[in-house]
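Chemist: Protein sequences, first through last, are from chains A and B. If you read the first sequence in my numbering, its first letter stands for residue 5, the second for the next number, and so on. If you read the second sequence in my numbering, its first letter stands for residue -4, the second for the next number, and so on.
There may be inaccurate statements among the hints.
[Said to hold, decoys possible] Stretches of chain A that chain B covers, calculated by requiring three or more beta carbons in the stretch to come under 8 Å of a beta carbon on chain B: (1) 126 to 135; (2) 139 to 147; (3) 197 to 203; (4) 282 to 293; (5) 441 to 450.
Keep in mind that the hints were calculated from the coordinates and are not lab data. Just so it is clear, CB atoms sit at the ideal spot from N, CA and C, and this is done for glycine as well.
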Amino acid sequence: MVNTNKIIFKSILLLSYLIITAVLLFLISSLYSYFNTGADRSKILHTKIKKIDQYLPKVTWLEDGNLGREMNAQTLSEIESNYLDAWYIKNIAFSTNSKIGVDAYYTESARKNIFNIIQANKKEKITIERTTLSHNPDIFLFSEDGQLVVLEDKNVVEYKRVFKDNKFILEITEIANYKVILLLEDGFWRIRHLVKESVSEFNKKTKASTPISKTIKGINYYPQATPWNMFGSDFDIKIILKDFNLIKTANLNTIRIFVPYKDFGKAKVSESKLNKLRKVLDAAEKNDLKVIITLFDFYGNYEVLDWTLNHRHVEVIVTAFKNHNALLAWDVKNEPNLDFDSRGRQNVISWLEQIILLIKSIDKKHAVTIGWSNISSASILKDKVDLVSFHYYEDKDAFEERYTDLKEIIKDKPLVLGEFGTTSYRGFWKPFGSSEEKQARYYKEMQAVFAKNKIPFISWTLYDFNKIPKEVVGELPWRRNAQEHYGFINKNGEKKKSFKYISKH
Amino acid sequence: MNLKNNLFLVCSLFVMLSITAQKTMPKKHDLIRIPLDTLFVAGSTIRLQFEGNTAITYQMYCANSYGSTLIESQRQGSRISFQIPNHLSIKSGILNWRVVGTKQKLFGTLNIVPKENPSSLETYIGPPSIEAGGIDYSILVVIPTDNLDNPLKQNTVVSIQQQFLASERNNLVFTKNLIAFKYIYAPIKSGRMLLSSESLGLNSKEYDVNVMPAIATNFTIYSQRNHTYADGNQITTFTSSVIKDKNNNTISDGNFVYFFITNKVGALLKTSGTTIAGVATAKIIHPDYEEDWSVKAYVLGMAESNTLKVKYKKVVENFEVTFLKNNRKITVGPIKSFMDQLIPDGLQVKISIYKNKKFLHEIIKSSREGFVSFELNQSIYKNGNYDLRISTAKVRKLFQSTALW
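Required output: the full structure, derived from the provided sequences and hints.
Modeler: In structure tokens form, the structure reads like this:
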């Protein structure tokens, strides 16, 4: 007994000795490496100022009425940056009911007006999520000493969503004209006076796009080697051209592709990514294929304060391709209804609505749609889209009936089945799963329904894939394996039995 | 058959009843706006009233220039009303409202106007100093605000008073885009301008703008010296005329004036001074040998002077040299100035030592009490014959093949 105690005691002693030594060694080594790290000289001077894009409403300066000192670009950009920050800080102040930062952008007498409202809202538990989407400031007077600016900000589009006791009360989009006086204080352009001169509700009516003449027979496309990463470093237009040729010869006329939001540079869209997308569209045009571009892939924030960043992203891409011959339609987002639970249904729908408005304000020709993941969501925002698209991965025998039901609800808008398909996977993870024959039969029967009801379709997908990012299907092997085998062409590049039914039954 | 008919009747009755029930079902209680002014003065109590027999508490969204909020309805008999909170109604501008949860959209705007009279005149003037001459200007901005800090309405009259020297002026301007402003042009003369503003009986405090003279124009320079000898000791003072701007204002104190001197051989000397009451003064020591200087002054980049010629007469005509201690101690002097007085201390004397036409060394010393002596060290200058050249005040003497032993 004594012996075991002794052994335990000894081993604890030894272990603690080891631990203490390890800790000491770690501390000394980190100290050593700290003192051996050279200081970055640029840090001393604070020359590197990292500015994150956090608020980028569309700003268009009109400059025809300035009666004072001539404005230079440098000062104008400082005024713009401070003025927008003033709105941004106000947006944050109203959504959190906190005063932080307001004093930097409003003079002492002006900030009181905001504080009073915030204080009352806080007491009543009212919060307001808000953003402004566009500003059109016009300078009336820039004082000769460069310390004061009087401007009118016309057609400020303000979106607000009001909550009380955390319960959604209303959302409202207003368009207002403001007159503003800004003073240069402590190096900041601060708002001294702000007077709303007129306001009305923002007109959300849009015009319908040019109708799509052809019946869509399409396929969702990713190159076999780079699924969900089509525009990465392995981008190879030759492979894409070859695939498009194959798609064309299979008697299809449309492809649906995906533009990842983050990969394309968020608010600052990368030129090289745009070029890659342009090459894809050119390749499609060469093969007489039409393209549905799905935006905002791998995006899931939807927060009101993120909208202006989303807008800059959309603006660049839509402007770049709105006149491309290969373009068929804009799909705002793939399966946004899957984010209803995590991000809030209201958030997602409002977000979709204003993105549609933006796309339609830039591109008046092409159809806009949303790739709903199921039939039951398809009627959301049906009045806003030009084309109702939905995905169907459920029981194939129920499809025809559910489609007809949907057709009853949405009479005035064309429908398209944006994704459908089935796996041919049978293996360790699904021993009684599908097979190539089953997959072929699925497509044969689905195509028969399409032919009978003249249903435009876009199938999922051309290839079986080797690697699927975990963001798409998660880590579970039975899901991942099934997802890898949705293609018409297997991993060895051979056509599966289903290929026969890629466009006809 | 009968039963079937009855059943059909009962069924249809049921359907009809349910339809009418649907129609008469109490729908959302709608409100009817009781028409009222939409124009209010800031700070007044604003109550929006609606007709509607309802027990529901409605909410109204309303937003003014600075922010938005929700307000709840209050019941007063058959009417319900919303009172716009004070912190919204005190700010001028458009206030828009919308009742939440009514079947028809109930919304509108109110126009809240600032009070009639100002309680403060926010005045900004800049730049605080401008250049005389009628081109440069300052801008005076006045924002008349009421006691709730709202800029007064468009076309409020503001009078701007100006005093400069003998003139006093009064101009009326009207507010537009929240402000009243006026260009204050610089007069021809320099001086201090006083300004103030007044609006509807309220006076501002006094503001001033310094009207500074414009840049210098060309000027003349003079020299002043005790005597004209190049003794290397006296000081010549250069002064400028009173430097004026183009409008005959004396330029501001502290303008830097450079005097550039070109000597006989084309070398440049420089001295400088700043202006006080328009006059710049600069000094320079006399040369120690005969010189012809031409002097020209500049206010850099702005103005220049005439060219002034200054001559300095030779003072040292000749000097004696004595050799002592095996010719190794060479004494130069006495060196005499223009009145045969000993030259003031500090005249440079130079001896250059050559051997076999080859230059060895040069020794420079300053005179003291009219004399300079050089000692040629034996360990440096071995015994032998040397050529010695001695010069001071541009007078040279050559001693060839002087033996040192």
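Chemist: State for each hint whether it applies.
Modeler: Now the hints, each set against the structure:
Note: the stretch 126 to 135 of chain A has 4 residues with beta-carbon separation from chain B under 8 Å; the three-residue rule is met and the coverage holds. Check result for the stretch 139 to 147 of chain A against chain B: holds, 3 residues qualifying (beta carbon to beta carbon below 8 Å, three or more required). Counting residues of the stretch 197 to 203 of chain A whose CB lies closer than 8 Å to any CB of chain B gives 7, so the stated coverage by that chain holds, three being the minimum. Under the rule that three or more residues need a Cβ within less than 8 Å of chain B, the assignment of the stretch 282 to 293 of chain A is violated, with 0 such residues.
Only residues whose C-beta sits within less than 8 Å of a C-beta in chain B count toward coverage, and the stretch 441 to 450 of chain A has 0 of them, not enough to reach three; the restraint is violated.
Against the hints set out earlier in the document, violations occur for numbers 4, 5.
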